[in-house]
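*Asks:* Based on the hints, put chain S in the right spot on chain H.
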Amino acid sequence: AQKITQTQPGMFVQEKEAVTLDCTYDTSDQSYGLFWYKQPSSGEMIFLIYQGSYDEQNATEGRYSLNFQKARKSANLVISASQLGDSAMYFCATYNQGGKLIFGQGTELSVKP
Amino acid sequence: DGGITQSPKYLFRKEGQNVTLSCEQNLNHDAMYWYRQDPGQGLRLIYYSQIVNDFQKGDIAEGYSVSREKKESFPLTVTSAQKNPTAFYLCASSIRAANTEAFFGQGTRLTVV
Chain H
1 AQKITQTQPG MFVQEKEAVT LDCTYDTSDQ SYGLFWYKQP SSGEMIFLIY
51 QGSYDEQNAT EGRYSLNFQK ARKSANLVIS ASQLGDSAMY FCATYNQGGK
101 LIFGQGTELS VKP
Chain S
1001 DGGITQSPKY LFRKEGQNVT LSCEQNLNHD AMYWYRQDPG QGLRLIYYSQ
1051 IVNDFQKGDI AEGYSVSREK KESFPLTVTS AQKNPTAFYL CASSIRAANT
1101 EAFFGQGTRL TVV
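If you're matching them up, the sequences are chains H and S in order.
Sequential numbering of the first sequence, starting at 1, is according to the working numbering.
Sequential numbering of the second sequence, starting at 1001, is according to the working numbering.
Derived from the structure by calculation, the hints contain no laboratory data.
None of these values were measured; they are calculated from a predicted model.
All the pointers check out, no bait thrown in.
Computed Cβ-Cβ distance ranges for the label pairs, DEER-style:
1) H:E17 x S:N1018: 48 to 54 Å
2) H:D55 x S:T1111: 41 to 47 Å
3) S:S1073 x H:G52: 27 to 33 Å
4) H:M11 x S:A1061: 29 to 35 Å
5) S:K1009 x H:R72: 37 to 43 Å
6) S:K1070 x H:E61: 29 to 35 Å
7) S:P1039 x H:D55: 34 to 40 Å
8) H:T7 x S:K1057: 26 to 32 Å
Computed list of lysine to aspartate or glutamate pairs in EDC-like fashion (alpha-carbon distance at most 20 Å, straight line):
9) H:K100 x S:E1062
10) H:K3 x H:D29
11) H:K100 x S:D1030
12) H:K100 x H:D29
13) S:K1083 x S:E1015
14) H:K100 x S:E1101
15) H:K100 x S:D1059
16) H:K73 x H:E56
17) H:K73 x H:D55
18) S:K1009 x S:E1072
19) H:K70 x H:E56
20) S:K1009 x H:E44
21) H:K100 x H:D26
22) H:K100 x S:E1072
23) H:K70 x H:D55
24) S:K1083 x S:D1059
25) H:K3 x S:E1101
26) H:K100 x S:D1054
27) H:K70 x H:D22
28) H:K3 x S:D1059
Using N, Cα and C, we set each Cβ at its ideal position, and we do this for glycine too.
Excised from the complex, chain H in its bound form (with noise of 0.2 Å):
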């Protein structure tokens, strides 16, 4: 079964400066995606980036780049140029054969002036 996981409970980056948020997942699928959100702590899931399994570059949206490592089933994103507007959990999601979005359990980040 499709399972994700974030090794990375909490991190902190100084502002300004790169950093990266591991996920790792485990499927047997030949087609899958990955997605990463992020929860301010208003609660509000605002989704970020998408890896599709058969992409052949790693996806970028602005500051965020997927770090994507097919054969180690990784999924990093790496926020570049940190801004004190990061500070909130990062989840990375997976869909399973079923038709389940499954979760990670998060890391908490935050950024130090």
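*Replies:* Here is chain S on its own, set in the frame of chain H:
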């Protein structure tokens, strides 16, 4: 504006009472999901529906019930059988239950006293 709406934002109920959380979307999405989130934790799937008039149990369905009589609506009932119902509940929808971005509502914070 298209989107997904949860109501109410805050809900207080007495122990032993059933309570229904509303989730409506006007995005014409086939798939809808309900998640529970406890403080500092990830999202746990309660129920999901891939198409109108059909739904499946998620990982923590005990003590909850849903219906999907209309494409745009997926209400969640928290029954008195749910042992610890106080939590943050998030509803989401996606075009289909595979490799498509999910859109989330603002969440309902339920407190049972």
